[in-house]
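Once you've looked at the hints, go ahead and assemble the two chains, each given alone in its own frame, into the complex.
Going down the list, the protein sequences come from chains A and B.
With the working numbering, letter number 36 in the first sequence gets 36, and the count goes up by one each step, no holes.
One rule links them: number in the working numbering = place in the second sequence (from 1) + 10000.
Rather than coming from a laboratory, the hints here were simulated on the basis of the structure.
Virtual Cβ for every residue (Gly too), placed ideally from N, Cα, C.
One should not assume that every hint holds.
Quick partial rundown of chain A residues pointing at chain B, CB under 10 Å, derived from the structure [to be verified]:
id, residue
1, 47
2, 54
3, 131
4, 135
5, 144
6, 165
7, 167
8, 189
9, 323
10, 330
11, 335
12, 345
So you can see what is in the structure, the chains are spelled out below.
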Amino acid sequence: MRYGRSIRKAEKPIQVRPPRDRMKNEGETAERPDNTAFTQQRLPAWQPILSAGIVIPGFLLIGLAFIGIGVGLFLTSQTIQVLERDYTGFDKDSPCFSCTNPNTQNCTCEITIALSELFKGPIFFYYGLSNYYQNFRKYGVSKDYYQLTGDTKSFKSPQESCSPFDFDSNKNVIVPCGAIANSMFNDTFELYHIINGTKKQVPLDGKGISWWTDYNLKYRNPSFVNGSFAKAFDGTVKPINWPKPAYELDLTDQSNNGFLNQDFLVWMRRSALPEFRKLYRRITEGDYSAGLPAGNYSLTVHYNYPVLTFDGRKKVFFSNVSWMGGKNDFLGIAYLVVGSLCVVMSVVMLIVYAKFKFSDDDA
Amino acid sequence: MEREEIEQERRRGLLARGTPGSVIYWICYLDETLGRRAWKVSPLGSVIKEQKHLAGVSWEVRANGRHFHQSCRRKSFLCFRWGRYADNVVRSYKYTPLTFLPLNLYEQFQRAANLFFLLIVVLQCVPIIATIPWYSTMLPLLFVLLVRGFKDLATDVGRRRSDVQINQRPCDILTPEGFETVKWKDVRVGDILRIHKDKVIPADLLLLCSTEPHSLCYVETADIDGETNLKFRQALTVTHAELNGESAKQNLGSFDGIVWCEEPNGNLHSFKGELHWKGERHLLDTDHLLLRGTVLRNTDTAYGLAIYTGSDSKILQNCGRLKLKKTRVEILLNKTVLVILLFMLTTTLLLAVGAGLFEYRVSPQYDVVSVLQRDSSSAYLGFLSFWGYIILLSPSMPISLYITFEVIHVVHCFLIGRDVEMYWEDSDSPAQARTTNLNEELGQVGHLLSDKTGTLTQNRLLFRQCFIAGHIYGDIAGEFKPLDLSWNRFSCGGMKFSDQRLVDKLRERSSPECQEFFTALALCHTVMSEWRDGLPHYQAASPDEEALVCAARELGWVFLSRTRETLTISEMGLTRNYQLLAILDFTSKRRRMSVLVRDPGGLLKLYCKGADMVILERLQGDWLLQESTERALELFAQGCLRTLCVAVRSVPETLWTEWSRALSQAGTATGNQDTALEDIYDQMEKDLTLLGVTAIEDRLQEGVPETIASLRRAGVKVWVLTGDKTETAVNVGYACKLMDPDTILIEGEELRQLLESPSPDVHLMSKETEVWTTDRRAEKSKAALVISGPELAELTKTPEWGAKFVALSDQCQSVLCCRVTPAQKAEVVEMVRKHSTSITMAIGDGANDVNMIKTAHIGVGLCGVEGSQAVQNADFALAQFSFLRRLLLVHGHWSYYRICILLRYFLYKTTAFALVHVWYSFYNGFSAQPMYESWFISLYSTMYTSLPIQCVGFFEQDVSAKSCLCWPEIYSIGQKKQLFNPFVVAVTLLYSLYTSIIIFFIPMGILQYSALDFQTLAVTVETSVVLTTTVEVILQTKFWTKWNIAAVIFSLVVFFLSTLALHSTRLFTASPKDYFFLGASPNAFSTPEVWLTIFVTTCIAVLPSITIRALGVVLTNPNKHKIHSSKKESVELQRFRRGTFQRRSSYAVSQGKGFGKLITTGVGLHSAAPPKDGRVTADGLKKESPQGSQREMNGQEEE
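Isolated chain B, as found in the complex (with noise of 0.2 Å):
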């Protein structure tokens, strides 16, 4: 029965693996099959059998077992795969050698015109149905075909060599003769992997053991979920007492464990399985698994078992499949495309039933004509025309335009790898567009969504200013010039802190406030130190607490080392012991964390510092310098600079004595354990003296507050999606201006009251109890929207949520996406994506934003210090945030406005070309009969009118670039679509009729009463054409060139000299049957008649846009054209206003709790060792290696 169950999570596993109904699936289901025979004989099988009873875990990984694993490897050929086990190769890639031409022709003919013209091509091998000659269509597609295959091939092959790069990045496995250097894509399932510090995972291990006491081990996330703090990670005390020790290498090559677990699956924080060693049963969770990716710190070996490798690894399970991205004015262009395809259709069908009906009304009557028809049924013969007419009419399918698409993205990709102004000097690397064809995209972008870390900020926290005893020390408005640390030999610089004041009094030891302020800082954490060629470094649970203990070593008070019960720091190079009693450790909740110490003179002294409501409140009564303190807060937080308040109390003996017996019954007694810490950390926390106020700039990226603030004008939605929690997001939320100072929040209880009423607006409005409602008619967004990764999964649950959640936050200013997970971060994208019809844009830098990238119309990957796997999945990659403006604003208004012209123009000329075979129809019996020669006909779209429309859409600027950063308003065009939509296309379209209409109507009319010929018109007609179609484009032009004024002349004279050539006897006596036209253009352009006929065709057909245009000019406000002058606007945003603040004091720490328990239970002590006294020279401590140090910390670790 237990069985049974097993059974069903093992199929249902399958499910949710193959796609159900595919071939996959049932191979799978077959291997699934005869694996669980073979499972059910092997001889473990019945003690497995009995012990296992854990739901779900059905993926069995034998330690040691390559063997075992290798017979189920996963394997592929063309789309069918079998076996379990993925190996750990990335595979990014599209094509393999074998696949690309199926697979690049059938992603190729999904474009509706691709297939159009295959057909066509097709139809014109058919003689009798062959109006114009094969290759007018034949060359053009094959032309469009390997243009296109040729692009997709070279970005496959970068995929491919960025896959190879890590695929072979080199690790340790464990084979029967120790410890071998292989490539990563070598790792299997079941493999025994050794990981030293500094080094990237390869694969999902389980941690067996590390070289730190406990087998602890940290790990750095920042790829996965972009939080840059540590996390720790623990083996299992069995594996740790069984494997560790001297003989490890022994130990575990004799590890014989079996590991059964879930199937892979992309949840990054939550991992089931069981652990089988030596019969018994080890329950193991997300503690012990090192993820895939991650970076190994602080430890110096670890070692663990592979248990999900590559594709099945949770970081790949997170990422979406590759897919093939289309831009909305591709997607429009297509279905116009369709729409004149079922036009042409119907047209042809009418022709058709024409033809039919002149074949048997006219035709018997007129001899000449029925013989050349003979023995065929009128019905027939309509039959037969209606496919000549689909040849006929098939150049109103713009197929040239998508070659000339292609040209234009890629050029306009070129223009934004070339561009120096998103060029960044100090990484050398220019902007990089890496997929071709969603330029225009950029120009019609409403929602941005950001990452945070990495993104906005540079992910480097700062100590820039202080307040201590009614003094501001530090300057951020001012200029900078670094101090002179050399009287420190701890100085590692990057100090950003510049006030000799300070650094004076400390010296002069003046001030005890200042001195007793930065012993606080150096006691007052959970930061562990390191020691590097004679420098600490620190590890810290929160960047803060870093920058903070960082900011006291420069400044002369170093925190060297800790162990369980002491501190040591070296004040002024004055080494000092300060034995630590408790440790007051950070919660969310508390705000605040503190240090019970014992001084060297032996006085307790708790140090305190939190978020200045908590520690400000908890202040002794009488406390002087409220005022200042207050309006040092303020300034801080105008500064838009994180705050801490730090304070001290002095603490009585018998109260430490009293207070330490709480804490240990409390520690020890049931129920509600935190609740009641809670209570005595209160306690102990209050009659606080304050001895400073802290302010940590979030070091934002440069230029990204103005950056954001221009997109916010230009009618951006930018949203911030982190991983990092929500006090860091909504401050540098502020920060970046993404919120104004006076934005209100609307956060948990309250926006989820909102979404689960009927009409989020309504709701909004009439809460009148609410102060900001009152004024929110005014100014209508002065809110924005917090919500936490758990409540977005909560969310999630209700149908219909995203779309109230998007509608609200369109009258938000912004929406913050805090502890989110990667996949959410998608979630999120695609909420967005379904819900609003506007282009989503990602950006983001590390491979925790991948998904989102993916996911989002467009993702923009910055080149940042976390490796490259967001640059590699994205479709833009920049240096900086801030070259986002310019690539959006410029970049993509241009692309937008080009392509859009580009687009129309392409239509206009292809069906206004083409349907003037309809209307000649009605003069030559629908015979099918061309209206112009075959030779104008393949010429035409590429030689006559490509140029100069490719000139404007490489070079034409409606505005300058330096008008598209300042008016960023002009940028809502593309978001509103207002040069390329159906209604736009109708009118096109409509246009295109009528000029057809005028080029055929107009010269009939006139040379019907003259004895010219058919060649004679047919030459007017092609002539009428070009001119038409060279003044519409000379119209849209607006940006002049020499490129441009070069293409029009260099069109004009082609068609003359071509046509001329083209009708001329060389060419005839080559081949009579294609060049019959001789002497057609020279005899007509010889005729005034037809020269006058050209000239009021082209000036008649053109005559509606000059209008217009006339028109517009007239009703134009002339107030508009200083767009053009470009008057310089100030858009440099203050850096400070007025206004009510909020304060923002926080504490950013990581999701979990910091290292305080770690430390108090003496688990993770590992570090560097107390200099003792004496010892703390710097020469000292430059012979000491780390590591012995390290051996004897652990030495002391173990009694």
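Chain A on its own, in the form it takes in the complex (with noise of 0.2 Å):
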């Protein structure tokens, strides 16, 4: 406390302290701010302060429980069965290259698998396409969510986004419109276990291969007309590659028809990347529910979609899939790497540590 500012109230304590202290009742003190632990950036607050005692452990610890992780799910990757046919007929002595002439006309190719040991179940059926570009833009945005949901008003005048996949020459609606379901991929497959010489279709099971999601709420079917389902898409036209209309897309199943075919279903959730595979079917029923036995097996192609056009390729996986998916060796390979870079780092950082406190020591 040394001096009063002003002369009159010489002896005021000026001294800037912690303003507590101050008395409350001196002077006028309208503007006087709150003194609020936010006010006066007093909050509490936990200040963490890393040592490297805390430090190069928590490194190893991590990298070591990465190492673990990634260790766990190469082997879970490991023991997971994946069976893969090119069947694109692009080579001359691959079996669908007679199909792989645009002219031919329901053309089925015949691919042969051998087993040696069972292939355990259950047996996830998938097929996929490579230079295949779903995640095109302007293909993605070609549909009608309307028309979709089974709202009968757009199967009249379709969204501008499905164009030119809207209407056909004569004007008439598509319905479904749009590139997506105009490109959905076509080829069929039958599997057959030949069993001395005999072949055995092997059950595909085609129910529930699609997003529950999709199925029960995002996709419906118009409602019927008159008792019948096809009355709900007068007037519109099928897609121009579809050799039926919607409403009688399995012919063996009346539920799996329209927009709520799972095969279509599937086809419309759009791959993310350009070489993308689609579940096709599984495999869980009769006597192959616990798997394929060791043995050799028939797959017949019913060969329709081009791809050879844009250089694609067509390929079938037959997979079986543990608790993390399906069979996936990086992501065991990607926790290993960040694991032993954990460990080198902590390593590292133990070297530099040591040999910085021996420099600090001498000084």
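Here it is as structure tokens:
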């Protein structure tokens, strides 16, 4: 306490002190700021201060944990069996070569598969396309959600985004409109187990291969008109590339038709990358619920879908799954790499720390 | 021919006024031309034409010519202005209701980001290229514009309000019906105004006459040049003679003089003009001018003719224009945004080429796609794709950063305003942030340019100690307890002197030395007294003198009044008249002044006071007490007190007669009168006997030395710019620790030599002959530069001098600029800005600092005694200089730290987020397919990632406030721009590039072996992005308040919940087109593979960041952590330091001479009557009206 500011109030202590010490009733202090923890920036706070003693073991532990997970994932992935066959028919000696001629109609080809050991079930049967840009932006938006929710109003005036797959040459509305629907994958497969030279068809389960939300919420069929499903589609035409209209997609199962056709739903869920696979069927039934026993199998392909024009490839995959999904070595490797990096870093830091400390001691 | 010259001058004036080439210029020109034509036909024209010969006087003012001037009144519409004479309205605001919208939008769209987003919004309205819905950019942009616009409006309204306050001030103008009170804003050129005592002058006036003798009047120019001493102005003899008197009103009413003078300019110390009246021409100069903003003092009433009003007035011409200040961080940010933009455009271009190629090479074979793109060339499709990508990548421009930036600034400003430790109780004023976008700059100040008077000092000199006859009285170190002065009825209080011994001695009359000492103080001065409430109040040309005379008054030696020939003082209640024989006035060269008086006993005495050097060498040979005097001087100097030596000489009658004859001869002699007088004075001022030494404290403001020392430790260069004289400035410089006691001053010729040398530094070093250069190497900055205004003006002519000066100053402790005008202050600031890379901060309290406050990067105004001009124009307002320490070291540092962290993080999170699209485009045929859901794009920066970083922006403290103050060195990170510079930005951007690569390719790599679809990948990447940026902000946060924790949790919860909600059935049924991600996230989040992917992606993305931090921890010297634990280190400065001190004895008078001449000629004497003997009783004095006594005095004068 040294000087007052004004002579008249000579001896008022001036020194800036913690504000709470000040007298409250002194003079006019209308503008005095509130003395709260927030305004005075004195909020209680936790200030973690790391030290080498925490950091180095921490890194080591994290690294080890990652390595552990990585090993687990990698081993799990190794137990998963995957069978992959390219059936594009690109090579002359491949079974489906004959089907690659665009003029061939209803071409069928057969692929033989030899299993040396039991292929454990449940088995997922995928088809895969490559060099196929389902994620092309304009392709992706080329559909009409209103149509697909069964809104019959949009059967008359589809969304602009469907263009040019919205009307056929006679100005009839295409239902379902848009590029995605039009380009629906239409190869079909039959799997036969060859037992002593006789073909035994392996039952393929086509139910529940689409997302639950798609089947139950997102896509809806138009309501029946006069008890007829086909009538609901009156005044519309099938997509140009489709052989049959939407209400006749599955002739064997009436409920698997229209916009709720499982294959249609799977197709409509766009792939993320130009090389993708989609679930075709599952092998869960009958004699094969435990898997495919060792032996020879024949896969009959009804080859319809052209891919060679854009240098695409078609494949089939058989795979069983674990808790973490399908076979995926990459995931395990990624964990292993991160884990090892952490361990290496902890060692490096230990060395650096030791060196640093020594030099510090010298000084 | 003459006429042509005049016209050229006029045109030149014009050019100076309007911007050449602008519309305004031409309008002005036309106006001029028309005006001249009118002027030609005016009836007085011919007369003027004949008489006028001063060049450059083209500004015509007709007294009582309101109509004439009204017709040429300056008007404006939008940005066009015409007319000559400005009205007297202050307009510091920027916007009018009409111009607000366009001007504000124009200002806002000067921000690259805003403009860019406008473009994006426009683009998004084109369906063919709209890759994401329009609202994702439009809403944030609107929000930014609104927030910003509202803030600007509020600021401007504040300015308007303060303008109105000034414009509404009352003043009296002469109308045909007599004087009428109007508002300032109604004053027009040509009006005759009546100004009363202690009123502020509303416009630049030509002083016509005043109620004082000789139409003298006194003005205080504190608001103009910061000097608080009085200056006198005197009217022309002719106007004084003709207009003054009983019928002043009528005389003034019929006054029809015409003033021709210079065009309005900002030069405060010069004025050139002539008055044409009654067929005669009278030259006018600055002595006849009363400037706007000055205060009339000691003068009852003055009458003046308004010459320049409003924006034409000198003080307003001195004010620069209002500029939009931008912080350096913001400039770099804008540049960064520009770089991002360029980078983005390049990328987009490449992607567009890719798209074109894809269309050309791939899609023709792929019939589904090629049909989609029917009848378009691939180049056209590439072109469309270009715009599509611009929209898609636009989130990489951190638009929400600008909102957050604003918000953080506002909060920081709020916190500054609410800081109790920057609240000054006495004036009930908290700190105030008036400009809300400069906070981080507070943490980067490199040069502090400070005003002296009222900023560093309280502008009040106090008599603290004295040395009489071997004793030192008074103690500055100890506790102060006020003396009981109730015995002295003239005591006015305000004494800061506490030594009962001296009082006792004086009252007991036991020490003749003491009595003589105070007699000297009461007599030897040029102070004038004024009686108010029966107490003498003093008006002095120098505050030192006032302090001394006041001290003498408090201790019983009261100076009562003076006439031309007498001095009346009361010595312990006994009134005595001294006959004043001569005043040997002060000049800065003589550094002393004396009075020669005949005491009531008839003895002649010379009382002299002055700087110790000059007095000590004029003492009688056998000087006693030499040693103790020296010691006392030393001691006073250590206490940073200003000393004056007081001496006396008994003058024999013969010497006086002889000397007075010589004096009168010198007075009449032609030639070098000044030197002749000096010689004669010198003859008288010798053989002195030392009476004592006074020690005056130039009261520094509270905590100034500590603050300056702290700032110096923080690496801030403190310059003092003052209108005051050199000695005072130097004294204050030493007192406030601006310079160490052993600092060498480089000034005058030496400085010039240094500056003229090719490389100042080398020269400085090689100057081995100088004593101080030898140890200069060891202690780098033991020098300070002192430069005065005139020198500055001269040096400015030399090119490159500024660079040299600034370079030189960097090697010195500080710089003192004395006797500088407001405009020069701004020039200095400008120079520092130009030649150094550091942030400049100007602090001041008066109108004379407004210029520099506006010019500097940051202007700080002290809400002091000298009006509110400085505060009005400042960016920050403080009540005390010492609060600067907290403002800079704590608030500045924190703001800088927080904002840099914030900016870096924002750049990181937005670019990392947007770049993913680039990587994805390699896999989707360059089709501008967004990686994310469009809702995620619009919510990402506003909802999912903004709160945690905002909390960091609000609360983060890398070091505690205490530590900031204890270790000012921490501050240098801001000065060195360590947290936000191009390198840091580049690293940040590279890191975000890395992050984006990881965030895209890891999920892609993992999920390509699965049957998961696009939407699942999108959700995976989205989650990874959000988690990564959240982890990053967690790593950034060092100060975890509950709000930080809440914000992090909240953001994550909001992300997950809103993602699930947006993918829910309800929204899908409402609008399938906008919410087509139905079920994507529930599906994804129930897939273990997705979680494993998200987890590993996030870990890899933040691994480098964690590693670097960990390495930092390992590598950091454990000692550094002490900053966190606030170990108390004493920053208390030693008040006294050992070592050799320079004595600082001086006499701080204003630039001009004292009032000595006025007194001896009797011109200025007006104030109080010398109380006649016997009448000097307290009652008598109280009854007596000062006015009456004054009139009495005047009467005497007239004889």
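Here's how the hints hold up against the structure:
1. Interface restraint check: residue 47 of chain A against chain B, minimum CB-CB distance 6 Å, threshold 10 Å, status holds.
2. With a cut of 10 Å, the hint placing residue 54 of chain A at the interface with chain B holds, because the nearest CB-to-CB distance is about 8 Å.
3. Evaluation of the residue 131 of chain A hint against chain B yields a held restraint, the C-beta minimum of about 8 Å falling below 10 Å.
4. For the restraint placing residue 135 of chain A at the interface with chain B, the shortest Cβ-Cβ distance is roughly 4 Å, inside the 10 Å limit, so the hint holds.
5. Interface hint status for residue 144 of chain A: upheld, as the beta-carbon distance to the closest one in chain B is roughly 9 Å, under 10 Å.
6. Contact between residue 165 of chain A and chain B, as hinted, is supported at the beta carbon level, the nearest pair being about 7 Å apart and thus within 10 Å.
7. Proximity of residue 167 of chain A to chain B is violated relative to the hint, the smallest CB-CB distance being about 13 Å (cut-off 10 Å).
8. At a threshold of 10 Å, the smallest CB-CB gap from residue 189 of chain A to chain B is about 16 Å, leaving the interface hint violated.
9. For residue 323 of chain A, the suggested interface contact is upheld, since its CB lies about 6 Å from the closest CB of chain B, less than 10 Å.
10. For residue 330 of chain A, the shortest C-beta to C-beta distance to chain B is roughly 5 Å, which falls under 10 Å, so the interface hint holds.
11. Among the interface hints, the one on residue 335 of chain A holds; its C-beta lies about 6 Å from the nearest C-beta in chain B, closer than the 10 Å criterion.
12. Taken as an interface hint, residue 345 of chain A checks out: its beta carbon lies about 6 Å from the nearest beta carbon of chain B, inside 10 Å.
Checked against the numbered hints given earlier, the structure breaks hints 7, 8 and satisfies all the rest.
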